[in-house]
Amino acid sequence: AAGVIQSPRHLIKEKRETATLKCYPIPRHDTVYWYQQGPGQDPQFLISFYEKMQSDKGSIPDRFSAQQFSDYHSELNMSSLELGDSALYFCASSARTSGATDTQYFGPGTRLTVL
Amino acid sequence: KQEVTQIPAALSVPEGENLVLNCSFTDSAIYNLQWFRQDPGKGLTSLLLIQSSQREQTSGRLNASLDKSSGRSTLYIAASQPGDSATYLCAVGRGSYQLTFGKGTKLSVIP
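The listed protein sequences derive, respectively, from chains A and B.
Everything in the first sequence is counted per my numbering, starting at 1007 for the first residue and increasing by one.
Everything in the second sequence is counted per my numbering, starting at 275 for the first residue and increasing by one.
Because the hints were derived from the structure by calculation, they are not lab data.
Keep in mind that the hints are not guaranteed to be accurate.
[What the hints assert, rightly or not] Calculated cross-link-like contacts (lysine to aspartate or glutamate; reagent style EDC-like; alpha-carbon spacing at most 16 Å): (1) K377(B) <-> D1062(A); (2) K377(B) <-> D313(B); (3) K316(B) <-> D1048(A).
Please construct the entire structure, taking both the sequences and the accompanying hints into account.
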């Protein structure tokens, strides 16, 4: 079965640089979520999109922005990178159904290292 | 603000034992609860999803229960195997569908 695809899998950047992470949800899934997992930490919700509109916003820094495109893929743009942004970034997708919430399926993550 | 706690933080058991992982949450107004498995440096694999209206879900050797009123969930693993060694994360979903995670229980199954 198709899974959530994230690219790149690994990314190394310098401080103050910009990074773009991409997420391709499971086919026919209409909702995308972004999470950040720091070393030894639990995943923290950043932002989500439903049918290409921002659905909810968590602890996403103002330096970060995201969007969902017409083909439902999503991109997380990170600017002015800081050392503390080094983390594993997960994308998840789900198929929202009326009156119910469905399983979130996670991608393998993008490991971002900021030097 | 929802807080999710998992006890114990780490657990080591001999192969073949049955075990229970615990998860508690502070706000009972949840929409669902999801259990995940995470191997070191890897992604999250969804194990079980329990809707707020459900009491339990089963998948193979795994059984998850939910007591929304008391803010508790348990994950029961039967006949544990070394391949079950991983970190198990409990996550609670609320109205906006975002998940709030616990810090996980690191399970080691000794052959």
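Structure-based check of each hint:
1. Taken as a hint, the K377(B) and D1062(A) pair is broken in the structure, with Cα atoms around 22 Å apart against an allowance of 16 Å.
2. A hinted pair counts as satisfied when its Cα atoms are at most 16 Å apart, and K377(B) with D313(B) qualifies at roughly 14 Å.
3. Taking the CA atoms of K316(B) and D1048(A), the gap is near 13 Å; set against the 16 Å cutoff, the hint holds.
In this structure, only the earlier hint numbered 1 is contradicted, and the remaining ones agree with it.
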